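K.L.:
Letter by letter, the chains look like this.
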Amino acid sequence: MTIEKSAVAGTLESSDAMVTVEPSKNGIELELSSSVMNQYGRQIKAVVLETLDRLEVKNCKVTVVDKGALDCTIKARVECAVFRSCDKADKNIPWGGAVR
Amino acid sequence: MIPRPRPQRFRLRRTMMFMNAQKPGLIKDAYIYGCDSIMLDLEDAVAENQKDSARFSLYHALKTIDYGDTEVIVRINGLDTPHWQEDIRVCVAGGADGIRIAKCESAQDVKTVEAAVLEAEKEFGVEIGRTLLMAALESPKGILNAYEICSASDRMFGVAISGGDFRRCMQTKFQPDGVDMLAARGHMLVAARAAGIQCFDTVFTDLDNDEGFMAELMQNKAMGFDGKSLINPKQIRPVHELFAPTEKEVIWAKKVVAAYREQSAAGVGVFTVDGKMIDIAFIPGAERTLKLAKACGMDDGGLV
Amino acid sequence: MINAVGRNIPDYLLKDGKEVYQGKQYMDGKYIQKAAPRTVRYEKPVETKVVASIVDALKKCGAKSGMTFSFHHHLRNGDYVANMVMEAAIRELGLDNLTIAASSLGDANDPIADYIEEGKVVGIQTSGIRGRMGDVVSQGKLKTPAIIRSHGGRPRAIEAGEVHIDIAFIAAPTSDCQGNCRGIGGKSNCGSMGYAMTDAKYADKVVVVTDCLVDFPNYPASVEAIDVDAVVVVESIGNPKKIASAAARISKNPRDLMMAENVAKVIASTPYFKEGFSFQTGVGGPSLAANLFLEKFMDERQIKMGWAIGGICGPMVELLKKGKVGKVIDVQDFDLDAVNSINQTPNHFEMSASQYANPANKGAFVNSLDFVVLAALEIDTGFNVNVLTGSDGVLRGAPGGHPDTAAGSKCCIIVTPLIRGRMATVCKNVVTVTTPGDCVDVLVTDYGIAVNPLRPDLIKCLDDAGIPHVTIESLQEKAYSLVGTPDDLQWEDKVVAVLEARDGTILDVVRQIKPFKL
Numbered sequence: 001m002t003i004e005k006s007a008v009a010g011t012l013e014s015s016d017a018m019v020t021v022e023p024s025k026n027g028i029e030l031e032l033s034s035s036v037m038n039q040y041g042r043q044i045k046a047v048v049l050e051t052l053d054r055l056e057v058k059n060c061k062v063t064v065v066d067k068g069a070l071d072c073t074i075k076a077r078v079e080c081a082v083f084r085s086c087d088k089a090d091k092n093i094p095w096g097g098a099v100r
Numbered sequence: 001m002i003p004r005p006r007p008q009r010f011r012l013r014r015t016m017m018f019m020n021a022q023k024p025g026l027i028k029d030a031y032i033y034g035c036d037s038i039m040l041d042l043e044d045a046v047a048e049n050q051k052d053s054a055r056f057s058l059y060h061a062l063k064t065i066d067y068g069d070t071e072v073i074v075r076i077n078g079l080d081t082p083h084w085q086e087d088i089r090v091c092v093a094g095g096a097d098g099i100r101i102a103k104c105e106s107a108q109d110v111k112t113v114e115a116a117v118l119e120a121e122k123e124f125g126v127e128i129g130r131t132l133l134m135a136a137l138e139s140p141k142g143i144l145n146a147y148e149i150c151s152a153s154d155r156m157f158g159v160a161i162s163g164g165d166f167r168r169c170m171q172t173k174f175q176p177d178g179v180d181m182l183a184a185r186g187h188m189l190v191a192a193r194a195a196g197i198q199c200f201d202t203v204f205t206d207l208d209n210d211e212g213f214m215a216e217l218m219q220n221k222a223m224g225f226d227g228k229s230l231i232n233p234k235q236i237r238p239v240h241e242l243f244a245p246t247e248k249e250v251i252w253a254k255k256v257v258a259a260y261r262e263q264s265a266a267g268v269g270v271f272t273v274d275g276k277m278i279d280i281a282f283i284p285g286a287e288r289t290l291k292l293a294k295a296c297g298m299d300d301g302g303l304v
Numbered sequence: 001m002i003n004a005v006g007r008n009i010p011d012y013l014l015k016d017g018k019e020v021y022q023g024k025q026y027m028d029g030k031y032i033q034k035a036a037p038r039t040v041r042y043e044k045p046v047e048t049k050v051v052a053s054i055v056d057a058l059k060k061c062g063a064k065s066g067m068t069f070s071f072h073h074h075l076r077n078g079d080y081v082a083n084m085v086m087e088a089a090i091r092e093l094g095l096d097n098l099t100i101a102a103s104s105l106g107d108a109n110d111p112i113a114d115y116i117e118e119g120k121v122v123g124i125q126t127s128g129i130r131g132r133m134g135d136v137v138s139q140g141k142l143k144t145p146a147i148i149r150s151h152g153g154r155p156r157a158i159e160a161g162e163v164h165i166d167i168a169f170i171a172a173p174t175s176d177c178q179g180n181c182r183g184i185g186g187k188s189n190c191g192s193m194g195y196a197m198t199d200a201k202y203a204d205k206v207v208v209v210t211d212c213l214v215d216f217p218n219y220p221a222s223v224e225a226i227d228v229d230a231v232v233v234v235e236s237i238g239n240p241k242k243i244a245s246a247a248a249r250i251s252k253n254p255r256d257l258m259m260a261e262n263v264a265k266v267i268a269s270t271p272y273f274k275e276g277f278s279f280q281t282g283v284g285g286p287s288l289a290a291n292l293f294l295e296k297f298m299d300e301r302q303i304k305m306g307w308a309i310g311g312i313c314g315p316m317v318e319l320l321k322k323g324k325v326g327k328v329i330d331v332q333d334f335d336l337d338a339v340n341s342i343n344q345t346p347n348h349f350e351m352s353a354s355q356y357a358n359p360a361n362k363g364a365f366v367n368s369l370d371f372v373v374l375a376a377l378e379i380d381t382g383f384n385v386n387v388l389t390g391s392d393g394v395l396r397g398a399p400g401g402h403p404d405t406a407a408g409s410k411c412c413i414i415v416t417p418l419i420r421g422r423m424a425t426v427c428k429n430v431v432t433v434t435t436p437g438d439c440v441d442v443l444v445t446d447y448g449i450a451v452n453p454l455r456p457d458l459i460k461c462l463d464d465a466g467i468p469h470v471t472i473e474s475l476q477e478k479a480y481s482l483v484g485t486p487d488d489l490q491w492e493d494k495v496v497a498v499l500e501a502r503d504g505t506i507l508d509v510v511r512q513i514k515p516f517k518l
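Protein chains in written order, with this note's numbering: chain X, 1 to 100; chain U, 1 to 304; chain D, 1 to 518.
The hints are simulated quantities; they were obtained by calculation from the structure and are not laboratory data.
Everything hinted at is true.
DSSO-like, lysine-lysine: derived pairs with alpha carbons at most 27 Å apart:
(1) K25/X to K517/D
(2) K91/X to K63/U
(3) K296/D to K322/D
Reference listing, derived: stretches of chain D covered by chain X, where coverage requires no fewer than 3 residues with Cβ under 8 Å from a Cβ of chain X:
(4) 385-395
(5) 418-429
(6) 476-490
(7) 506-518
Source: prediction; values computed, not measured.
Note that the Cβ used here is the ideal one computed from N, Cα and C, for glycine as well.
Looking at chain X on its own, in the form it has when it is part of the complex:
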């Protein structure tokens, strides 16, 4: 998928993460801050990159502000932000396909 405009998903509540995606031409640029950075920073980074990879996003500036979200929440927020950026979040989501 191609990030066409900036989009946000998620909140700054505890156990959630706020994910912002913006168009970019320089591959994937990740900016991550987390309340559990020392212990889970690497895992969060891996989940974000894997999720973008599954969605075939090649170029994207992605900002994650994590408040202790579980991996399943981080995935959900990244996916939603990407689909929103393409105006495709409302229907015909490939559940079990690129979203899994």
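Given chain X, put chains U and D in place with the hints provided.
P.N.:
Leaving out everything else, chains U and D in the frame of chain X:
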């Protein structure tokens, strides 16, 4: 991925607790409080501009979180909204045990949802017929059509009344004695029993009014409801305690079931227990008592 | 050297007879030589000990660079006194090379972080360390490692002369002109002054700082005039709103309540739950809520609590007033209900930190305690508890009375949710051991109960009562299955804090955390 067992159409459903499907902190382990079913909500709890986000959150929760024996139902948006089709797709793809149809008014509503569920089961390779349905009756029309709704599909396991919307339609307010909804509750119960499905009462929203909650529960039990929708974990225990059978009922049920097994093995159809005449018609009731007893942590004598 | 909880203690810390932790009650029966202070005689009657300012008091007491000043934390997050004293000493008198020996330090003491960064404060000895002070110490900016002690370990160290207090500063809600202090009757009341008592007896000089001078004699006194050199009257010793909260309310959080009820069930299943039992609970959500459920079980069995100690707040005072507790004795009060009750409600008394928890006297209250219910930041599969360092390795907590009550009580129950956000509370290895696992008996979480295998008697109690329980390993595995296995923290070699066990041996050290890079 957590594989969930095939949902049972008829099981114990004393408590169904609503949870906003969009709140990760809530849905990650709602099962720890011991409710029979959790109701992940895509409808009223989720803001209009977050419906999409809630579905992503729901999908991964369903796929990742081990809810164990707790049944997982999803309340989808009404058929008059642009959301319900995608709601059904995500429920089926994620493997929810059942779908609660909001604002259901006719058998046709159930059939419409059923068709979409069937299509989604085919699309996602889910066993045909796996996904159960229940309907929420929220309007006078829904109540009047209760029987056709209850009997509209083999997937239907139950029907629930939704007090907020119903009272608005009826131009009434909550009454402590339940007179505002007495006719509707009664009618729905009769319809559900006639169709052979379960029947659930509405939520009680005043969390500080313990007495009022207990009064409503006692009325629910007296009227014959199977269970109740809840909005807070603290409401679970009172329901389970009140809906638990008495020790006397359990002893009686044990005797009936044991005697029935013994007698039917010997080819006898009608017999007496403690001087009362018993036949096969008593057995489902006695077995239900024992199941309830087991779920409540009482001794079931190994007969369930 | 590896100690009894498996922590590697650098050999250079093991000098002057310092030993590593070797298990609970290792020091039992050994002798100590108490260190007496060198104090001035006031044989000639003086009209008043009131001096004009903190600077004058410092001068009168011969304050100079290199000294150790002590403070107590009854004013909690509302405390102004420690900051005022340090500012006067450093900014006005130009002193440096100072050591602070406090019973605890909190967010209210953030300004002192500046003096650490400037190198004016070179030593910290405390139970709690949080906020900016926790940050700068964790960053290795304090010249010597901070020494962290429990509330019982502190008076032990003072009495043994391991901490020599040159000047003790007593923050007093009321005092008379001779220095008789009480925690009530003024405008910044804190109730008990238990942590200050040992300081007053063992410091060379004692300065009382009050914002409410009352007629002589201010009696019965918590700190007595016979130990006081000077009294300073200031505008305000603290912010009353942050000293004592309005009333500690019992949590409505269903998760807390569920855990609290299970705590009460565990308590009721043991043989110690009988007429006259003794009890202490923390003030965290589920710990405090345990009071509520315990009362139900007491009513059911028709028994009463003999006595309670603590850290006291409203719910316990309520039980006392209802006649369900014989006596309440406390070192500290957490809310206005408790502040307004101590020494007022019959059978509500004050005690010193030494009476409360000191392992080196002839029997502190904790030694007679049946039950204690405590929280934890982390607990590992060896039942070791951490209440000091956060998941990022930064100092942000306090052992307080945790290790003392755990060690002394017959049944120590830790109550905590299995995970907090993405933090696994039940983990493989706690960041820092503050309470050793051999002192912890039962863990109650929202996902199940685990009993320390060292206590087969308690396992039998739970089994007999039909209370389900699992291994702590299974809880830890459940936690990791939810949040993922955490990466190990990355540390520098430098030790920033030494954690003393209550008996004075070294339980653990906290090293400087490496800056995290993705």
